[in-house]
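Visitor: What follows is the residue order along each chain.
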Amino acid sequence: MSTVGRLFKNNIRQYGMVIALAVIMIFFQILTQGIMFKPMNITNLVLQNSYVLILAIGMLLVIITGGIDLSVGSVVAFVGSVSAVLMVDYQMPVLPAMLIALLLGATAGAFQGYFIAFLRIPAFIVTLAGQLIFRGLTMSILQGQTKSPFEKSFQLLAAGYLPGMDVRWGSLNIIALATGLGASVILAVVILHSRRTKMKYHFEIVPLWLDVLKIVVIVAGINLLTYKFAGYNGLPIILLILVSLILIYTFVTQRTIAGRHIYALGGNEKAARLSGVKTNRVMFWCYVNMGVLAAIAGLIVAGRLNAATPKAGNGFELDAIAACFIGGASPAGGIGTVIGTIVGGFVMAVLNNGMSIMGVSVDWQQTIKGLVLLLAVWFDVYTKTRSQSH
Amino acid sequence: MSDTILEMKNITKAFTGVKALDDVSLKVSRDEIHALVGENGAGKSTLMKVLSGVYPHGDYAGSINYEGSECRFHSISDSEKIGIVIIHQELALIPFLSIAENIFLGNERAIGGVIDWHKTTSAAGELLAKVGLNNENPNTLIANIGVGKQQLVEIAKALSKKVRLLILDEPTAALNDEESSKLLGLLLELKKQGVTSILISHKLEEIARVSDTITVIRDGKVIETLDNERHQIDQDRIIKSMVGREIVDRFPKRESRIGEEVFRVEGWSVYDPVIEDRLVINNVSLNLHRGEVVGLAGLMGAGRTELAMSLFGRSYGKRHSGRIFKDGKELQLHSVSDSINNGIAYLTEDRKNYGLVLIDDIKSNASLASLKKVSRGQVINRGLEYQATTDMQQQMRIRCTGIDQIVESLSGGNQQKVVLSKWIMAEPDILILDEPTRGIDVGAKYEIYTIINRLAYEGKSIIMISSEMPELLGMCDRIYVVTEGEISGELDREHATQESIMSCIMNHKRGAI
Chain A
733 MSTVGRLFKN NIRQYGMVIA LAVIMIFFQI LTQGIMFKPM NITNLVLQNS
783 YVLILAIGML LVIITGGIDL SVGSVVAFVG SVSAVLMVDY QMPVLPAMLI
833 ALLLGATAGA FQGYFIAFLR IPAFIVTLAG QLIFRGLTMS ILQGQTKSPF
883 EKSFQLLAAG YLPGMDVRWG SLNIIALATG LGASVILAVV ILHSRRTKMK
933 YHFEIVPLWL DVLKIVVIVA GINLLTYKFA GYNGLPIILL ILVSLILIYT
983 FVTQRTIAGR HIYALGGNEK AARLSGVKTN RVMFWCYVNM GVLAAIAGLI
1033 VAGRLNAATP KAGNGFELDA IAACFIGGAS PAGGIGTVIG TIVGGFVMAV
1083 LNNGMSIMGV SVDWQQTIKG LVLLLAVWFD VYTKTRSQSH
Chain B
937 MSDTILEMKN ITKAFTGVKA LDDVSLKVSR DEIHALVGEN GAGKSTLMKV
987 LSGVYPHGDY AGSINYEGSE CRFHSISDSE KIGIVIIHQE LALIPFLSIA
1037 ENIFLGNERA IGGVIDWHKT TSAAGELLAK VGLNNENPNT LIANIGVGKQ
1087 QLVEIAKALS KKVRLLILDE PTAALNDEES SKLLGLLLEL KKQGVTSILI
1137 SHKLEEIARV SDTITVIRDG KVIETLDNER HQIDQDRIIK SMVGREIVDR
1187 FPKRESRIGE EVFRVEGWSV YDPVIEDRLV INNVSLNLHR GEVVGLAGLM
1237 GAGRTELAMS LFGRSYGKRH SGRIFKDGKE LQLHSVSDSI NNGIAYLTED
1287 RKNYGLVLID DIKSNASLAS LKKVSRGQVI NRGLEYQATT DMQQQMRIRC
1337 TGIDQIVESL SGGNQQKVVL SKWIMAEPDI LILDEPTRGI DVGAKYEIYT
1387 IINRLAYEGK SIIMISSEMP ELLGMCDRIY VVTEGEISGE LDREHATQES
1437 IMSCIMNHKR GAI
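Just so you know, the protein sequences line up as chains A and B, in that order. Residue 733 is where the first sequence starts when you use our numbering, and the numbers rise one by one after that. Residue 937 is where the second sequence starts when you use our numbering, and the numbers rise one by one after that.
Hints should not be assumed to be uniformly reliable.
Derived lysine to any residue pairs resembling SDA-like cross-links, with alpha carbons at most 20 Å apart [unchecked claim]:
#	chain 1	residue 1	chain 2	residue 2
1	A	K932	B	I1295
2	B	K1309	A	Q986
3	B	K1308	A	R987
4	A	K1002	B	H1225
For the chain B half of the interface with chain A, some residues (derived, Cβ under 10 Å), not all of them [said to hold, decoys possible]:
#	residue
5	M984
6	E1106
7	A1109
8	R1287
9	Y1290
10	C1336
For the record, the hints were derived by calculation from the structure and aren't laboratory data. Remember, predicted model here, so these are calculated numbers, not experimental data. Idealized CB from N, CA, C, for every residue including glycine.
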């Protein structure tokens, strides 16, 4: 088989998902008579779904180890409630309060990770308990009430935009446009550089036109997106946080020893241990990491609502888990990518958003989302069995 | 003898362009044991899958005639209906169901969907008696009996389906000598009762002993069919046909260059990890020199693997005591990574469960134990990793489409080379090899022996565990005999024979040394 053919076959799942996302977006663009791609809607899509995506990144690492974390929605609420008490009741400045919140998330993760990784209690059970524990703590901290308002600077974290909103070229925000162009250049350089490195070490490389095509598609995507943001309020701060997390975690999972250890642990724990991987420790840190990301999500949720509520984050864990599986992660562990998960998360997000605009009722939205999850995983299993039997 | 029960004619089966079977014909006579031999990947298992209906009719070219009529199976149940039963290498028993429940699984003794337990138990008892398990209670859980007995339960299960043609894929691979001969005895017994068997095995000595006809397959083609009715065929004859050339020496020659002592264990004792007052390894002392290959001989369950794993960063057992020295300095090895950092590596006997991440590619598996060597800080240098693993793949001659091939799809011998690559990349001084040639074919075995010799020649020290005594005798400079967790003897090359090893085992009294 040719290199291109094999490349496509090996990555059919990922390409399939990206194409599916594009098709769904265009589908809703037509059905909603053009509302889908309006600058304001694109901006809202990111603002409304950022926290689920952040949770999904943490969830992915947990799922790669072969585990699951059902407690993240409760941790989101718990962290939000504590930070509300600190900032609203005790007037604590934003920065130290946020640091305490992150530490708290890490502690919640460490608490559960200890039971899972060192005492070997199944993750499903430990985090189910965690879900009840942290929800209960949230309710007792807030005493069933909603706590607000937060300081302006804190709200900006979740709902604000990059400064320079008024620097405009016509109706377009220049900073957003410039960021898009800058990112395009960096990306092209990175891809071409990695191509050169591969040639230096005599890797098998794809034909040049394929890399160029890849650059063209990605650059077009980025600039379309920044063009849309430029047409509204510019770049949301939350988008920058999200993009940074995606880059950091892609790097960690694909390029570092820690990342390799996580995949090996999920793929075959016994073999990993006998190869010198400290499996208990790796697993423990994945849950700590999940806790920290849940805390970040908790702060964003609180900032966006400008309030801490006892019901915050309800059901987020399921959205995050669904994003991972739609994005190609394996429930058995050892398989999954950050990018795939983000695409999976956006598939869910666009479905939500499109159906809401069309006025589909919430009950039907749930049903359709459920069917999409099933379809995606079925497609996964189908392509796998096909590639095995031939 | 001339009465034919099965005839497979001109079977061709291809997987995406590659012919796994190319115009294969096989004729099996009634009431014989027909052996099927060939290297891994030669096509034996594929042929049996065609026969048993795993690959349905239409998926292959050619025809199958059984008892004089042509068969077109669409699934395994079709072939089972007319008495063809296959027992796979990986046993298909459910550990937490009883023997009786397993025997009648999918074939329950029931009235209108309600199981008749009385009938189930008594019928299971009768079947167990037929396979020589008279003393086994049919209500015992499968998890509580050994692999040897499980294999016999599989046969009992086949008998419950009124089997006429029994296919066994590597039935003795996981059995010790005593269990194996019991199983083979049963096949001979069944033959008298009118059950024909097709036996796939790598253990050529068994084949030569029990089979009436031997068919050799190589590269998807039948090379020849040998008549062995009077057991006149010997192993070398079969090997010659399997590999297509004469293997002059099954073990490549090595000039021993033995240097100073590099590794010493003194008074090493280990307790069972579950039953904590059970002493598994008792007061073992041994040493190893530079460039030396030392064997650990012993029966299955003697504690060789447990000894090796406990030395490898205490990855087996509890309450370890004793001292380990390397180059004269005492080591404290508390974890696997301590061991690796001190230049000690252990290659597991069970590559699928303990050696490989099957869903990962060759590259990630090979570099897993030495990621630090191809990284700057915590960041993996993918170029270096690629280069190092490609070198390894070429050096070890791993046959693959590229180092990004998933290891699950490699043959057993190539998988073993990947595990070996992993440890060679870690550059250990001391390499413990636990059953390095288990379940791999003759050609790959020879290559592994050559690699072991090269490592020894380069000054590495090797401890080799094997259940095949000829292998230890052919490869080792010195052999320790392990019996019930103790060292029961030490034999150098001149004095080591199968007889002297067995006499060490038989004459050993626990706690005598």
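Visitor: Look at each hint and say if it fits the structure.
Guide: Each hint tested on the structure:
The hinted pair formed by A/K932 and B/I1295 fails the criterion: a straight-line CA distance of about 28 Å is larger than 20 Å. This hinted pair checks out: B/K1309 and A/Q986 have alpha carbons roughly 17 Å apart, not beyond 20 Å. A distance of roughly 12 Å separates the Cα atoms of B/K1308 and A/R987; the hinted pair therefore holds under the 20 Å criterion. The straight-line distance between the Cα atoms of A/K1002 and B/H1225 is roughly 30 Å, outside the 20 Å bound, and the hint therefore fails.
Using the Cβ-Cβ criterion of 10 Å, the hint placing B/M984 at the interface with chain A is not satisfied: the shortest such distance is roughly 17 Å. The closest approach between the C-beta of B/E1106 and any C-beta of chain A is roughly 22 Å, which is over the 10 Å cut-off, so the hint fails. For B/A1109, the shortest C-beta to C-beta distance to chain A is roughly 20 Å, which exceeds 10 Å, and the interface hint is violated. Interface restraint check for B/R1287: the shortest CB-CB distance to chain A comes to about 9 Å, inside 10 Å, so the restraint holds.
Because the smallest distance between the Cβ of B/Y1290 and any Cβ of chain A comes to about 5 Å, under 10 Å, the interface hint for this residue holds. For the restraint placing B/C1336 at the interface with chain A, the shortest Cβ-Cβ distance is roughly 13 Å, beyond the 10 Å limit, so the hint is violated.
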